[in-house]
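Modelling step: build the complete structure from the supplied sequences, incorporating the hints.
The lines below spell out each chain.
Protein chains: 2
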Amino acid sequence: MKLVRAEIIAIGDELLYGQIMDTNSHWISQELDLVGVKVVRKTTVGDNRADILAAFAAAEERADLILITGGLGPTQDDLTKPLLAEYFGCEVVEFPQAVEAVTSFFKRRGREMTPLNILQGHLPSCCTYVPNEVGTAPGMWFERGGKYWMSMPGVPHEMKKLMKDFVLPTLPKVVALPVIYHKVIKTVGIGESWLADLIKDWENNLPEHIRLAYLPSLGHVKLRLTAFGDNLKTLEQEVEVQIRLVIPIIDKYVYGFNSETLETAIGKLLKNAGKTLALAESCSGGYVSHLVTTVPGSSAYFQGSVVPYHNQFKESVLGVKSKTLETFGAVSEETVQEMAAGVRKLFNADFGLSSSGVAGPDGGSEEKPVGTVWIACAGEDFMETRKLQLTQDRMLNIQLTGVAVLNLLRMCFSRKDK
Amino acid sequence: MKLVRAEIIAIGDELLYGQIMDTNSHWISQELDLVGVKVVRKTTVGDNRADILAAFAAAEERADLILITGGLGPTQDDLTKPLLAEYFGCEVVEFPQAVEAVTSFFKRRGREMTPLNILQGHLPSCCTYVPNEVGTAPGMWFERGGKYWMSMPGVPHEMKKLMKDFVLPTLPKVVALPVIYHKVIKTVGIGESWLADLIKDWENNLPEHIRLAYLPSLGHVKLRLTAFGDNLKTLEQEVEVQIRLVIPIIDKYVYGFNSETLETAIGKLLKNAGKTLALAESCSGGYVSHLVTTVPGSSAYFQGSVVPYHNQFKESVLGVKSKTLETFGAVSEETVQEMAAGVRKLFNADFGLSSSGVAGPDGGSEEKPVGTVWIACAGEDFMETRKLQLTQDRMLNIQLTGVAVLNLLRMCFSRKDK
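As given, the protein sequences belong to chains R and Z, one line each in that order. If you count the first sequence from 1, position 259 lands on 259 in the UniProt record's numbering, and the numbers rise without skipping. If you count the second sequence from 1, position 14 lands on 14 in the UniProt record's numbering, and the numbers rise without skipping.
One or more of the hints may lead you astray.
Pairs count within a copy or across copies, as identical chains cannot be separated in the list.
Derived lysine to aspartate or glutamate pairs resembling EDC-like cross-links, with alpha carbons at most 20 angstroms apart [as the list claims (entries may be wrong)]:
1) 345 with 315
2) 200 with 78
3) 222 with 77
4) 186 with 14
5) 107 with 203
6) 164 with 326
7) 222 with 13
8) 173 with 334
9) 147 with 334
10) 323 with 333
11) 233 with 263
12) 161 with 133
13) 252 with 61
14) 233 with 201
15) 368 with 334
16) 107 with 197
17) 2 with 33
18) 173 with 260
19) 183 with 362
20) 160 with 393
21) 200 with 380
22) 173 with 380
Bear in mind the hints are in silico, worked out from the structure with no lab data behind them. Remember, predicted model here, so these are calculated numbers, not experimental data.
Here is the structure:
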C-alpha cells in the first residue's frame, strides 16, 4: 500500500530569523506518524510572496497532503491567505459564518474589534471554512486533484485544536491510511555503533516489512521498530516476536519501551517494589533530583536530596569522614561511598545515590582531569560504584552524570530485585 | 549591500517522523541572524537518496551558504556523506588525520572502536576536513561556484562546537557580511505587552537604522536592539545611547545584557559581594540548584542545597517546626520562611532561598490549587516571600518557580546591596 505523503510548511520571518522556535511542525509530524501518514518534507519560508508560492508548488509536486501553519494574522505581512487564493485561482470573499465567529470571539473575550479583525472572516472562495474556536484566524481546507491542503494559524494551541478537531478526524474519510505498528526500545549505557554491532545478525534477519531505526541522544539510544501491513493485531504480534528475539542480546541496556524515560522507568521500579530513594549530588549539582522530580507522583518514592557543594557539608550534613576527604579527596570512590551511605541514612531511604566529580572547566588535575566523576549506589547490604571519564564540557558532564547515576540505580535495582 | 542568503537543511527520518525535535535549525538561524546572514529557507528531509539530492540542488539554486545537519552516523541509514560526495562528484576516501582523530577520541574515552567508527574518518575527497573535537563524525566544508557548504553532525553540542569554532569564524573570510551591532537587554518578571507599554515612547523615537525586537521566553523577555550601518564603533555608541535612555524606565526588571543568564547574573552579584547562597527546594525539586551549578565557578558562592521532598525532612534536616507544618501546611508562607532560614543556617550561608508548592498534576486542593507556590529569601536581617499562582503543567511550574526564586534573590540582593 502506498503511504499518503505529507509536507508541512511553516510560514514566517520570525521562524527563519530564530525569534520563534517552530514547535508546530514537530508536533504535526508526531501526529501524522501515529496515523501512518509519511511526512516527506518540512519546509520553512519567510513572509515573501515568491518564496511562499514556490513552496506551495513544490509541495504539491511532492505530497498528497499539505499542512500549512502561520502567516494568518490580521496584518499586511501575513500573506498566507491571499496567496492561497491566488494559488488556487479564486477570490477572497466574505464568509458570513466566519465573520460571525470572529465577532462573537471578541464579544466573548470582552475585547474590541478592529476592521482588520473583521477581514479575518474573509476567505478564499474555493476553500472549506474550518471554524477556529480558540482564536480569530479560521482554518482553511482545500482539495485539488486528489490532494488535500489545510492552512492553520501559527499559534500552537490553535493549530493543535484544528488538527485534533478537524484534520485528524477528516483524514481517514478522504485518504487511505495504512496499518502501521510502532514500538521503541529504550537503551542506556551503550553507544549507537556498539549497539548496532551487537544486534547486526538480528537486524539483518528482520522481515522486509519491519524497519529498524537508531535514534541516539545524550547517553541513550532508542531502537524504533516500524511494521507495515494489513492487520494491526498481526503487526503487533510480529513486532513482539522480534522484540523477544533481540531483548536477550541487549537485556542489560534496555530500560523501557515507547514514551518511557529513564526517570519514569526508575520510578516504576521503585514504586512497584515499595522502595525509596535519596540523593547526594556534588558535581551533578541537583540535576539528578530535578530529573527524578519531573515525574508526576515521584513523591511516592523520592525522599529527598542534599547537594553538599562544599566539602565541609559532605562532612557536616552527610557524615563523610574528614579523614576520607583528606586521604582520598572529594572525587574518589571512598568519598562517594560515604556520601551514598550517609544520604541513605539521613533520608531513611532504601537506596542512596551519590556523585562527585570535576565538572569543569576548572578544578582538574593531572590525576583527576576535568570529566573525572565517581558515582555510587548504596543499599542495605551492598555498595556499587563506577568511575566515569566524561568530557571537557561542564553542562555535558552534568547531564551525562545524571544519566549514569540513574542507570547505576537501575542496575543495582535489578541486581537486588526485591 | 546584498545580504548573504542561507539555507539550513536538516536530514533524518527521525525529524520527519517527530521522534526528535530539530533544535539545531533554530539555533543556527539565531547565530546567522546575529552576523547578518539572511536565512531564506529551512528544509527537513528524510534518509532518502532522491530527496536529499533534490534538497541539495534546490538549496544551491536559492542560497549562497548551505548548512547541513544530520545523517552522519556510522550506520547504513546515514546517507549525507556519500550523497555529498556524489553531489560534488568525488569519491569517499580515507583522511588519515580524520581516522587518527576518531581513534584518539575513542582512546581518550577508554572505549573500544568498531570498524564502522574507523569509516567515520573516510570523507569526500573534495571536502575540507573540519575536526570534531567532541564527537566522532567530522565536519565537512565544500566550496563550489562561490557558494559554501558545511555538513555537521546532528548531535546539538557537536554541531554548535563546529559552528563556533569553524563556520562563524570562517564566514567573514569568504563572504561579505554587513556591519551590524546587536545588544540584548535581559529582563525578568514582566510580560511582553506590559514591557512594550512601558517603553513605547522610547521605542517610537528610535532612529530608523536601529531596530527593536521582543523575544519572550519562559518568565523572561529579551529586548534586542539591532543597528545597521557602515562603522561598528559608531553603531555601538548609538546603541549605547539608546540603552542609557531606556534602562531607567525598566531598571528593576533588567538583570543583564547579551548572553548573560539569570544564573550568571546572580553568580556575579554574589561573587562581587563575597556572599554565599544555600537552597531549600521542595516543589522545584533540585531545579534551582541545577541552574545555579550550571555556571562555571559557582562553587565560589554556592554552599549547597537540600531537597526535603517529604515533609518529615523539612523538620529533621531543615528544622521547620512540626507545629508550622501542621497549622499552615507545607505550601505556606510560614513554612518557606522556616525552610529558607533553616537552610541558610545549615550551610552557613549569607542567603537562604526556598520553594514549596503544588507542582501537579495531583496534590491540588480548593484552597491551594495546582500551581500554588510559595518562595522565600532569608538574609541575616530580612525575610522576603512571594506567592506565585502558576499553571496546570508540572514541568512549567518547576521552571517558572526556578525563575521566580532566582529573581527573588536578585531583588533581595539589590535591596541589601552590601
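Okay, the hints, checked on the actual structure:
1. Taking the closest pair of Cα atoms, residue 345 and residue 315 come within 20 angstroms of each other both inside a single copy (14 angstroms) and across two copies (15 angstroms).
2. Proximity of residue 200 and residue 78 under a CA criterion of 20 angstroms is satisfied inter-copy only: 16 angstroms between copies versus 51 angstroms inside one chain copy.
3. Only between protomers do residue 222 and residue 77 lie at most 20 angstroms apart by alpha-carbon distance; the minimum there is 15 angstroms, versus 40 angstroms within a single protomer.
4. Taking the shortest alpha-carbon separations for residue 186 and residue 14, only the inter-copy value of 15 angstroms comes in at or below 20 angstroms, while the best intra-copy value is 34 angstroms.
5. In this assembly of identical chains, the alpha carbons of residue 107 and residue 203 never lie at most 20 angstroms apart, being 56 angstroms within a copy and 28 angstroms across copies at closest.
6. In this assembly of identical chains, residue 164 and residue 326 lie within 20 angstroms of each other by CA distance neither inside one copy nor across copies; the values are 54 angstroms within and 41 angstroms between.
7. Taking identical chains as interchangeable, the C-alpha atoms of residue 222 and residue 13 lie at most 20 angstroms apart only when they sit on different chains, with a minimum of 14 angstroms there against 34 angstroms within one chain.
8. Proximity of residue 173 and residue 334 under a CA criterion of 20 angstroms is satisfied in neither setting, with 61 angstroms inside one chain copy and 53 angstroms between copies.
9. For the homomeric pair residue 147 and residue 334, neither the shortest alpha-carbon distance inside one copy (64 angstroms) nor that between copies (57 angstroms) is at most 20 angstroms.
10. For a Cα distance limit of 20 angstroms, the shortest separation of residue 323 from residue 333 inside one copy, 14 angstroms, qualifies, whereas the shortest one across copies, 41 angstroms, does not.
11. Taking CA atoms no more than 20 angstroms apart as the test, residue 233 paired with residue 263 passes in neither setting, with 30 angstroms inside one copy and 51 angstroms between copies.
12. Only within a single protomer do residue 161 and residue 133 lie at most 20 angstroms apart by alpha-carbon distance; the minimum there is 8 angstroms, versus 44 angstroms between protomers.
13. For a Cα distance limit of 20 angstroms, the shortest separation of residue 252 from residue 61 qualifies neither inside one copy, at 47 angstroms, nor across copies, at 49 angstroms.
14. In this assembly of identical chains, the alpha carbons of residue 233 and residue 201 never lie at most 20 angstroms apart, being 26 angstroms within a copy and 63 angstroms across copies at closest.
15. When the C-alpha separation of residue 368 and residue 334 is checked against a cutoff of 20 angstroms, the pair qualifies only within one copy, where the shortest distance is 15 angstroms, while the shortest distance between copies is 44 angstroms.
16. For the homomeric pair residue 107 and residue 197, the shortest alpha-carbon distance between copies (19 angstroms) is at most 20 angstroms, but the shortest distance inside one copy (58 angstroms) is not.
17. In this homomeric assembly, residue 2 and residue 33 come within 20 angstroms of each other (Cα to Cα) only inside a single copy, at 14 angstroms, whereas the closest approach across copies is 41 angstroms.
18. For the homomeric pair residue 173 and residue 260, neither the shortest alpha-carbon distance inside one copy (28 angstroms) nor that between copies (47 angstroms) is at most 20 angstroms.
19. With identical chains, the CA atoms of residue 183 and residue 362 are never at most 20 angstroms apart, being 43 angstroms at best within one copy and 29 angstroms at best between copies.
20. Within a single copy, residue 160 and residue 393 get their C-alpha atoms only as close as 30 angstroms, which misses the 20 angstroms cut-off; across copies the closest is 12 angstroms, which meets it.
21. In the homo-oligomer, the alpha carbons of residue 200 and residue 380 never lie at most 20 angstroms apart, since the shortest distance is 40 angstroms inside one protomer and 63 angstroms across protomers.
22. Taking the closest pair of Cα atoms, residue 173 and residue 380 never come within 20 angstroms of each other, the shortest separation being 55 angstroms inside a single copy and 63 angstroms across copies.
This entry does not satisfy hints 5, 6, 8, 9, 11, 13, 14, 18, 19, 21 and 22, going by the numbered hints stated previously.
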